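K.L.:
Read off the chains here:
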Amino acid sequence: MVAPPDNDVIWARSLHHSYNGSPGLSGVSLGVRDGEVLAVTGRRGCGKTTLLNCLSGQLVPQQGEVWFNSVPVHTMGPRLREQLRRDRFGWIAAEPQLVPELSTWENAALPLLLRGVSHRAAKKAATEWLERLDIGPLARKRPHTLLQSQRQRISVARALTGSPSVIFADEPTATLHHTERTQLLRTLTTAARSHGITVVLATHDAEVAALADRVVGMLDGRRVTNVSLPAASDTEGRSACSLSV
Amino acid sequence: MLALRLTRGSHPLVLMRRLLLAAASAGVGFLLLCTLGYASGHPAHASSSVLRLLWCAVPLAATVQFAVAVARTDPSTRPRPGLFASGLGPARLALLAAISTAVSTTLGSMVALLVFLHLRGDLTGLPFDGGAAEFLGAGTPLPLAAALTLLALVPLTASAAGGLALRSRPVAPTDAQEAEDDLAPAPAPTGLPWGVALTAAGLAVEAYASRGSAGNPFPLPGRLDSTPAAVLAGWTLTAIGLAMAGPGLTHLCGRLLQAVRPGAVRLLAGRVLMDEASRIGRPLGIVCAVLSGVIAASVLWTGGPRPFGPLTALGAVLVLGCTTATLLTTALEARQARARTAGTLLRLGAPASALRTAAILRALVLLVVFVPLTWAIAELAALPLTG
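Residue numbers (the UniProt record's numbering), protein chains in the order written: chain A, 1 to 245; chain B, 1 to 387.
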């Protein structure tokens, strides 16, 4: 076992993972530096989500190593990985994934409440972040009364409230329209940079990836430097149609 | 055919729920056939036979309630956006549920017929041949049409109720719509005042009716020769009141649980209880009513020469079993409905033990509120009759 470099907050080596035989990741190595915004780009189904799941300890890779701050994650038990996610990581998904029974501020304060922080302190931290993300007035509303973009901001606030070391954002803007998309991403990256939080951002959108410090491309479960595929010839489609199926 | 194929591939727990439903249906079918046997054996006691038939309505209602709960939790009738796209919408899903309910309940009815004929002595070759021949009216021919009508009663009512229950359930056409529907909270229950009023009125009617001597007999077959009809009416009112008050009380429990600076576990437990109140509250109220009835009855009839007959016992077991199973199945339905939220919480790193603790806390609070309530209602119901 090789110890990871010191300046990497997350370090992964030759990750392999398949879902019941269907390939997910086939040999991805990656280092994430402290405080950077790293974009993982690639088309749908190229293994971005699987990679993020492995890095954040939700999934144990079948082969390969994941290290967080020089601590091996791939050898941890489920309980330790749970605690790691609770204490050190934040997660933003494509869907806001809010708890419908809780109000806006309670949703944002959930990571702190789960850590056992007092009600008052959790509320204070959550309200501060909600105000910074311009959704302070909505603090007492339930998610079902809000717009999708507002819900996604709550999800961002929830990830930030726990003051994590790393935030994993898996296509955080997939369900949003263009204007809301840029605004949400700028807010996230600005907040992360000003608080020294590392962000691993999975996206298929080159425009989104442009906001990152560094971009890692993926194709069919492998890390690649050039994502573009050879252009298909014009007649291929037509000849495929002539096949009898 | 699709319903049968789906049944074949389903999980053992799902099959067990269906077997329980079949058992309940068999029990009710057996009771109905016994009534028929009694009626054909005692043509002179027509009113007594009608009374027996009417008493069968109580286990029948409990079985139908259980059938609806089973149909609602059945994974094969769960709305799936992929199947919606290929035309398996609410109407077809309701049909599917009705067919699978009909299959299990008809199986039960068949078993009931076989056991009945066997105990009468019409089928031979097994132990207990004709074990209760006289009791079940052996010797008189059984009218075929009547037997079939009675046996079809449970499958028909249960599958119709199951189908209708699923028909009225909203089906989300897409994943996005489903996520949106999951966010919308259930409306807060409003039946608490009515429930309390009805319960109080029922207890009052009962106390008033049992003031005089026991007149107007409305006997339970086997025993309870002198229960006045008004007392039964009072009990019925109390039971309806409890079923109506159940959701409101559950909501109140949830509200109390999450009050005053809650931590994560108390917050989640309380809010979920508030949200699930309308789903879980009604079966809980019904179980509460049935239990209080059983307690009151056992207080009344202890010390008698022969407390109750075997058929009354079977009916009581059926009603108790079905209502309890309905409550448990509904709790399972609530859990299925919250699977998405549970996944979210686990992804955030919520310990699985926290989710379990929240569930245990909910159950405890409900027990703390509903057990004394059941006991108090039972005592109040029995008080005028014993005094």
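No lab work stands behind these hints: they were computed from the structure.
Owing to the predicted nature of the structure, the values given are computational and were not obtained by experimental measurement.
Where is the CB? At the ideal position from N, CA and C, for every residue including glycine.
Hints may contain errors.
[To be verified] Coverage of chain A stretches by chain B, computed from C-beta distances (three or more under 8 Å per stretch; other residues unrestricted):
id, region
1, 17-25
2, 73-83
3, 87-101
4, 142-152
K.L.:
Quick check: which numbered hints come out false for this structure?
P.N.:
Of the numbered hints, just 1 does not hold.
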